[in-house]
Amino acid sequence: MAAAALPLLAALATGCHRSASEPPSEGREPKDRQVVLYCAVDREIAQDAIDEFQKETGISVQAKFDTEAAKAVGLVEAIRQENAYPQCDVFWGGGGFFCTMLADEGCLAALPSDLVAASGDAPHDLANRWLGFGGAYRVLIVNTNALPPSSWPHSYRDLTDPRYKGRVGIANPLFGGMAAHVAALFAKLGESGGRQWLQGIKENGCAICAGMADVKNRVASGELWFGITATDDAYVAISGGKPVVVVYPDQAPEEIGCLNGYQPVALIARAPHPKAAESLVRFLVTTRIEKVLADGPGQNVGMLPQSIAQDVRPTWIPRGVRTMGVDWSAAVRAHPAATKAIKEILFNQ
Amino acid sequence: MNKWSRSAVPAISLLGVAIVFSPLVAALIGVDSKTTGQSELFHGAGRPLCISALSALTSAMVALALGVPFAILTEKARPLVRHLVWVLGLLALMVPPYMVAESWIVLLGPVGKVSKPLALSLGFGPPSSQALEVARFAVPGFVFTWFGVGIVMAGCLFPVVSIVVASVLRRTDWRVFEAARLIQGQKGVRRTAVRVLAPSALGAALLVFAAALMEFAVPQVLRVRTIGEAIYERIQQGELGNATWLGLPLLALIVLSGALGALVLMRERAASLAGLEGEIPKFRARPGSAKDDTRAGLMALVALTPGLLMPIISLSWSAIAAIEPSASAMGNHRVLRTSGLLNSLQGAWELAHNDAVRTVVLGLLAACLATLFSIGFCRLTAPSRWKWLVGGLGAGLAVPAPVVGLGLIKLWDHAWTAGIYQSLAIVLLAWFARFLPLTLLIAYAALAKVPRELEDCAALAGRGGWGKFKSVILPNAAPGIAAAWLAAYVFSTTEFSATLLVSPPGKPLLAPSVVNLMRRGQDSEIAACQFLLLCVVALPLAVPLVVGFIRAVVGVRQTRTA
Chain A
1 MAAAALPLLA ALATGCHRSA SEPPSEGREP KDRQVVLYCA VDREIAQDAI
51 DEFQKETGIS VQAKFDTEAA KAVGLVEAIR QENAYPQCDV FWGGGGFFCT
101 MLADEGCLAA LPSDLVAASG DAPHDLANRW LGFGGAYRVL IVNTNALPPS
151 SWPHSYRDLT DPRYKGRVGI ANPLFGGMAA HVAALFAKLG ESGGRQWLQG
201 IKENGCAICA GMADVKNRVA SGELWFGITA TDDAYVAISG GKPVVVVYPD
251 QAPEEIGCLN GYQPVALIAR APHPKAAESL VRFLVTTRIE KVLADGPGQN
301 VGMLPQSIAQ DVRPTWIPRG VRTMGVDWSA AVRAHPAATK AIKEILFNQ
Chain B
1 MNKWSRSAVP AISLLGVAIV FSPLVAALIG VDSKTTGQSE LFHGAGRPLC
51 ISALSALTSA MVALALGVPF AILTEKARPL VRHLVWVLGL LALMVPPYMV
101 AESWIVLLGP VGKVSKPLAL SLGFGPPSSQ ALEVARFAVP GFVFTWFGVG
151 IVMAGCLFPV VSIVVASVLR RTDWRVFEAA RLIQGQKGVR RTAVRVLAPS
201 ALGAALLVFA AALMEFAVPQ VLRVRTIGEA IYERIQQGEL GNATWLGLPL
251 LALIVLSGAL GALVLMRERA ASLAGLEGEI PKFRARPGSA KDDTRAGLMA
301 LVALTPGLLM PIISLSWSAI AAIEPSASAM GNHRVLRTSG LLNSLQGAWE
351 LAHNDAVRTV VLGLLAACLA TLFSIGFCRL TAPSRWKWLV GGLGAGLAVP
401 APVVGLGLIK LWDHAWTAGI YQSLAIVLLA WFARFLPLTL LIAYAALAKV
451 PRELEDCAAL AGRGGWGKFK SVILPNAAPG IAAAWLAAYV FSTTEFSATL
501 LVSPPGKPLL APSVVNLMRR GQDSEIAACQ FLLLCVVALP LAVPLVVGFI
551 RAVVGVRQTR TA
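Line by line, the protein sequences give chains A and B. Quick note: the first sequence, position 202, residue 202 per my numbering, numbers continuous. Quick note: the second sequence, position 147, residue 147 per my numbering, numbers continuous.
Be a bit skeptical, because a hint or two may be false.
[Claimed, not checked] Which chain A residues stay away from chain B? Per the calculated CB distances, all over 12 Å, these:
#1 Ser60
#2 Pro86
#3 Val116
#4 Ala117
#5 Pro162
#6 Arg167
#7 Leu174
#8 Arg195
#9 Ser221
#10 Gln306
#11 Asp311
#12 Phe347
[Stated by the list, open to error] Pair by pair, the computed Cβ-Cβ distance ranges are:
#13 Trp416(B) / Gln54(A): 27 to 33 Å
#14 Arg288(A) / Ile320(B): 54 to 60 Å
#15 Val546(B) / Trp316(A): 47 to 53 Å
#16 Ser151(A) / Phe124(B): 23 to 29 Å
#17 Ser128(B) / Gly190(A): 42 to 48 Å
#18 Pro10(B) / Pro336(A): 51 to 57 Å
#19 Gly325(A) / Ala65(B): 42 to 48 Å
#20 Pro10(B) / Ser113(A): 43 to 49 Å
#21 Ala337(A) / Ser128(B): 28 to 34 Å
#22 Gly44(B) / Gly166(A): 20 to 26 Å
#23 Ser150(A) / Thr305(B): 49 to 55 Å
#24 Pro79(B) / Gly241(A): 26 to 32 Å
I should point out that these hints are in silico values taken from the structure, not numbers from a laboratory. The beta carbon of each residue, even a glycine, is placed where N, CA and C say it ideally should be.
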């Protein structure tokens, strides 16, 4: 009884009664002085940008963060489930793949067209429902104790090379960023090409790790010789003095280039605080914030026109990394086939 | 049973069912456009389900093997050692299992800080001593297997068995063993001990089985594909309904093991008229000796190594070995841009002290409410036909955490429930849905042990409802009630899967933050965050434990003086 009494008391105490058409209650903050941010970018990466926004605008950011340990069953799912009655205003992170999924499901609203136009070649949805900035490459992290420079891999295809049998790894491709990566490969190489690669890594004893940070940990410890991870995860190992080096894969002209797992930002459809949400998005998609992200633990690379002109990037990431051109809508369409192939080939289902 | 009680029974029963199962029902009946046929739904789920069951079975058996001798030898030790070992045992119960799993990888993984040097020193390394060959050497280990999951969970949960066994021992007249020894020697003592302890130990092992079966974080960390991963996978594909259906086979296993465990435990009654006199019935063995202390210490060392000592060693190792990050790359951030353990601790506290305070307050509230509800539920339903509901509610343990979280979103994300959904009350509901079944099972087992005859005697002696509770129920069921409270507190404060989904924006809780940093941070930050979480979990228990320890020390001194 006591357990039930508490929520009832809380409901009575807050006294928030409104119709379904009204936005959710604001608490003590005025409507345009608060914004709810669902942030799939890690807290330690995003916090500086959030702090600066609050300081500059006086708008309070109520942030909700994700964690890799929750697989992809975090904020993306929360946004899906809240679609009928959204609580969130801005979604930041999740990659082009999950943002495209959310956009297709009607969870996202269009961004201001002038903002998208001013972003030059920065990746965005055809209907402007998300906009990518703050690049983070998918790289090969290599243990330098186990592999001398002459043996370093240079392509995602090297995961299938028998020289490295049993000592390579990727994050679980059924979840999160690696699911997006494999779907992108399926979209790029076609289903048969994708299946061939999966078969190759299966035969090569590729370790399926809990996440990209886990790949980094296993390579840094020497358990694996190399694997696919993101630049921000690789940086944790590099700055921690671990014996690792980063290889940007597939840089030759005939190769596909490395995947750019940038951090998109999106407005939620029927958001409760639309004006404050737009302010936050306009604040985030700037060279200033790309500089903050490049200097912070995210180690992101600038993607906006002014950032490219000013060469905004961490010093350890080289200029001119060739990236893979990905049509995320095609990747989303390829996802069911990719998932089926992963289950059949990697998990014998 | 008076009229008020009779009308309250269905109400409290339905309330319990609503709290535990409403998220599940909401997830099941929620709109799911991708619902597939049953054969496709369960396709490929057989193997993960078997692995879940195997790892849970391993947990139960190893917990039994560790917990029973731990309890027997500890109870034989002298008060000071006994209290110390029990404090450590409770601490083992409080360490989050995912933290323990991490420590196993660090120390005993293929390139573990212990396993690799040990294998090399024993001659299992590469034939050549070349640096490259040594660097490439990895120990083929068992950590990343279902067996590893089972051992880790047993290391965390064996104190449950120990507490139950010790509770029985304290209510057993040790003259029984003396008599058996006189008649049949040591063989007689062993046979008697088995008869006295087996039902309770088995019941507790079944509870461990149920708790291990519902664990989703440890298999993730140890990269073992259990049914939990299959459920997560379907949720990611937008198939919440299918994911929920996939979790239903677990319900049967949980109901069977949890209900059987509670049944076995509640049949283990202890009768003593001393309860009427306000005394807790305790029959002590002969006073312990230094030899008994040594045995208890050694057993504690063995039992506490998997779940307590390994995380401590791993944590200390990370803290000591932390390399200072290069200043140019650090920037301004409060946690990730500091160096060394102490700075990281300070940074972790600055960043997350609000999360920590919020977590402690909410955890205490959740534990108190869950325990009070459990006592009320058990006391009201025990004399009625609703009493079997407690076993059914035990099935709530099998509802996967993300299903609880997403089900609650479906249920409470409406205009008229905004007050709950946008406040921390929704987190309380998530914790209740996940852990109230466990609290109920433990409390039910504890309360069922109290003989009705004692209550009747107390009633005849003129004691009212409160008087009976104070003089009979509480003294006899106190350890079980305390265990129920502890379970609710520890599991709630360390839960992250459902918490992450439902916690209101701007009010983060500690466990999700720490879990994230554990995956991404530098050694010093990981150590700092783990230490912070452990402190938060242990904080409310520190005071009574320290008081108990001081009382034990004073007691020993007074005995010596006398």
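A quick look at each hint next to the structure:
1. Some Cβ of chain B comes within 12 Å of the Cβ of serine 60(A); the nearest lies about 8 Å off, and the non-interface call is violated.
2. Its closest Cβ contact with chain B, about 9 Å, brings proline 86(A) to no more than 12 Å, contrary to its assignment away from the interface.
3. The claim that valine 116(A) lies off the interface holds: its Cβ sits roughly 26 Å from the closest Cβ of chain B, which is beyond the 12 Å cut-off.
4. With a least CB separation of 30 Å from chain B, alanine 117(A) remains clear of the 12 Å interface cut-off, as annotated.
5. The beta carbon of proline 162(A) is kept farther than 12 Å from every beta carbon of chain B, the shortest such distance being approximately 15 Å.
6. Listed as a non-interface residue, arginine 167(A) fails to keep its Cβ farther than 12 Å from every Cβ of chain B; the least gap is roughly 8 Å.
7. At roughly 5 Å from the closest C-beta of chain B, the C-beta of leucine 174(A) falls inside 12 Å, breaking its exclusion from the interface.
8. Non-interface call for arginine 195(A) relative to chain B: holds, since the shortest CB-CB distance, roughly 17 Å, exceeds 12 Å.
9. The Cβ of serine 221(A) sits about 5 Å from the closest Cβ of chain B, inside the 12 Å cut-off, so the non-interface label is violated.
10. Here glutamine 306(A) stays apart from chain B, with its beta-carbon at least about 21 Å from theirs, past the 12 Å limit.
11. For aspartate 311(A), the requirement that its beta carbon stay farther than 12 Å from each beta carbon of chain B is met, with the minimum near 17 Å.
12. Distance check on phenylalanine 347(A): its Cβ comes as close as 7 Å (rounded) to a Cβ of chain B, failing to clear the 12 Å threshold; non-interface status is violated.
13. Separated by about 31 Å at the C-beta atoms, tryptophan 416(B) and glutamine 54(A) satisfy the suggested range of 27 to 33 Å.
14. In this structure the hint that arginine 288(A) and isoleucine 320(B) lie 54 to 60 Å apart at CB is violated, the actual value being about 39 Å.
15. Checked against the hint of 47 to 53 Å, the pair valine 546(B) and tryptophan 316(A) passes, with Cβ atoms roughly 49 Å apart.
16. A hinted range of 23 to 29 Å holds for the C-beta pair serine 151(A) and phenylalanine 124(B), which are about 25 Å apart.
17. A hinted range of 42 to 48 Å for the beta carbons of serine 128(B) and glycine 190(A) is consistent with their spacing of about 44 Å.
18. A hinted range of 51 to 57 Å is violated for the C-beta pair proline 10(B) and proline 336(A), which are about 47 Å apart.
19. In this structure, glycine 325(A) and alanine 65(B) break the distance hint of 42 to 48 Å, their C-beta atoms being roughly 58 Å apart.
20. Separation of proline 10(B) from serine 113(A) is about 59 Å and departs from the stated range, judged on CB atoms against 43 to 49 Å.
21. At roughly 46 Å, the beta-carbon separation of alanine 337(A) and serine 128(B) lies outside the given 28 to 34 Å, and the hint is violated.
22. At about 24 Å, the CB distance of glycine 44(B) to glycine 166(A) agrees with the hint of 20 to 26 Å.
23. Separation of serine 150(A) from threonine 305(B) is about 43 Å and departs from the stated range, judged on CB atoms against 49 to 55 Å.
24. Distance hint check for proline 79(B) and glycine 241(A): the Cβ-Cβ separation is about 48 Å, which falls outside the suggested range of 26 to 32 Å.
Taken one by one, the earlier hints fail for this structure at numbers 1, 2, 6, 7, 9, 12, 14, 18, 19, 20, 21, 23 and 24, listed in ascending order.
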